[in-house]
Amino acid sequence: MRFFKSTDIDFIGNRYKFFAISGLLLLLTVGAFIYRGGLNYGIDFTGGILMRISFQNEVELQDVRRAVEESGINSFELQSSGNLIMIRAKKDLESQEEFESLVKNSMLLRFPDNPVKIEGIEYVGPTVGEYLSKQVVSAFLFAFLAMIIYVAFRFKSSLWGIVSAVGIIHDIVISLGFVILANKEINITVVAALLTVAGYSINDTIVLFDRIKENLKLLVKEDFLVVINKSINEVLVRTVVTSLTVFIVACSLFFFGGEVMHTFAYIMIIGTVLGVFSTIFVCAPLVCEWGIRRNKRLKAAVKQGDVRSK
Amino acid sequence: MKINWKLLITVALLAFSVWALWPSLKWAVMSDEKKEQAEKERDPILGRILKLGLDLKGGTHLLLETDTSHLEGDVKVKDAVNRAIEIIRNRIDQFGVAEPVIAKQGDKWIVIQLPGIEDPKAARDLIGKTALLEFRIANTDKEARRVLDLIYEKGITPAQYRENPSTYPDIKAVMPEGASVFESKGSMDYYVLDKALLTGAALANAKVEFGGEYGQMMVSIEFNRDGGKIFEYITERNIGKSLAIVLDGIVQSAPVIRTRISRGERASIEGGFNSEEAKVLAAVLRAGALPSPVRLIEERTVGPSLGDDSIKKGFISSLIGIVLVFLFMFIYYRSSGLIADAALALNLIILMAVMVYLKFTFTLPGVAGIALTLAMSVDANVLILERIREELATGKTVRTAVDAGYQKVFWTIFDANFTTLIAAVFLFQFGTGYVKGFAVTLSIGLIVSMFTAVTVTKLIYEFLFKRNLLLKIKI
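Line order of the protein sequences matches chains Z and C.
Under this note's numbering, the residues of the first sequence are numbered 447 to 756, in order.
Under this note's numbering, the residues of the second sequence are numbered 2 to 476, in order.
Possibly wrong hints are sitting among the right ones.
[As the list claims (entries may be wrong)] Some chain C residues near chain Z, calculated using beta-carbon distances under 8 Å: (1) I240; (2) S318; (3) L373.
For the record, the hints were derived by calculation from the structure and aren't laboratory data.
From a predicted model like this one, the values you see are computed outputs, not experimental measurements.
We put the beta carbon where it would ideally sit given N, CA and C, even for glycine.
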């Protein structure tokens, strides 16, 4: 079976259209960021108490909110996901027991026929939150650096390394945009998912770069643009097939995985699509642009419209 | 005869995997009663089965920070933390928790995981007994007496003052430097004590003894070499003063130092103990005395139902994902897809075996990691198969097309996996428990997949070629 026979699509010729799509997605991210008023950090980073409760029968989140308010807890946040309700508050350890019993009693009072169950309690101290934030930042920084260096080393040019890092950042930022849009809190799981997206995104980019490198040696007579476009078309099937398999698993986790998997799978689904997008429509065209800028003859030719990528 | 190394390594790995996974399989089909019995008898099989994380089993996760500000100069932070870990382990063992995890994290954090303990309060109580032992000289200067007067006047307890000295500026103003105020056990006597000169870190041993003029219960303590030296120095310099023995902020006794107590001699704590109290105190001091106080900075509890539910959903969704990928490969690539599927299955088996062998814990993100890793490791197979298709399209024979396909994509596979591995390693570096589980499965999976996708599938092709079973290729 085959999805499509060898393709001959003009990706590079239409690169500005795709840059526009990227720009739009990035704008959407910024918009979501402003609309939601910044990132919604979970207790992993801010510290505090998170209580998960569930009810035998379904309840309205509104009613739960009212019940918690009436119990005298004044600053808290509610979030529901499936049949789980999460109550988050910035409290210290000493008040945890009090918080727990306040919540429990208020729920018993408001929903007398609908028994509440405490599914779990998490407390994270402020020092831990601080530590984790620092760790996350350094993990991303060093991971990027290591990837750039490795790619630059393998392709003997720092350009390729930097371009692949741009691709990753593109994917992570837009994935984050979708996280903000869905009003999900930023916790360790989200960060792990984003790093996985990064790893996946670069995997895809490398395969294309490898092919471009190979073709640059084989097709010396062809123009840079043509080589890149041809390479994209050659690896297209592979890219689609591989992404599809990851996509299938991510979807399966998303739809059947329950609460714990939900956010992770959500980000992976978006990241899989973005990974393909950034490889074909961001990284390859960027390498191409760089090539044009460096080569005077090519630059002049492109200006005059003499060069076709197909 | 030429040795087929690829075949040899593959067979060896497979044998290793079966060996590593066998106890887990045996465990999985065991009845509940037998499992209970095995747990009771501490059957060695327990050490060889697949370990489930707290999110799958239910339990409590605690993170403690050791407060090292009280340590005397020559006690290293590292030693203090390691000793604290030992002590906490002893206490938890006495409590009878099955397979607890107690480990150092970073410089002075201790992570504790207690499977099956779903009441965090019980866990906290167990570990919270700090048993911080200090030796302090009682201060009887004018300022100290003034401090005591003020405390009595205000009607506050010494603990209230210690908790928040800045709310009582007048007391703070007259408090001698480094000193603080303490209450004594079972009486209203308050003491102003200078800074701690020795702590439990300097203890070598503690035991219950009868002694004194009236043959009362006391706990005699023995210092280590450095501790003995310091003790000798203290007693020499402070003859006539009271030496308070403070346990967890409460003065147990404050005998007057009559003579220098030389090194090697024992000191004793007389606190009007009954025999039970003396025993507990000696045990806590022995097993016991935390060299520095610990503070709880993170606590996560997973209820068993959430655990059960997540296990079911996590496994089912991962299974559905994996089955779909297998099916897809077969439908899309036909017989070659089946060969790739065989490699995937082997990848899964080896990955699980390595996880069990290295005693990594399976967490839910880990399970998701396995599913995602398999999906990603399909990539290597897809790369090879697509390349073979391309080579076939140029008119090559099956044999040469297969060879060329493998040869040309090897470095692509290597580069792609290696860069993803970089991300996984950093994920592991910073990760807390759950993220680590994911990073571990991802890393091992990537490494294993390079082997199975490249070596094992090639082996199958070679076998088929040899038997002339594969003259025409269907991909």
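Self-check item: Proposed interface contact between S318(C) and chain Z, which counts if any beta carbon pair is under 8 Å
Solution: Status holds, d = 4 Å.
Quiz item: If you take the shortest Cβ to Cβ gap from L373(C) to chain Z, is it below 8 Å?
Solution: 6 Å, holds
Quiz item: Regarding the hint that I240(C) lies at the interface with chain Z, is the smallest CB-CB distance below 8 Å?
Solution: This hint is violated: I240(C) lies away from chain Z, its Cβ roughly 43 Å from the closest one there, beyond 8 Å.
Going down the numbered hints, you'll see the structure goes against just number 1.
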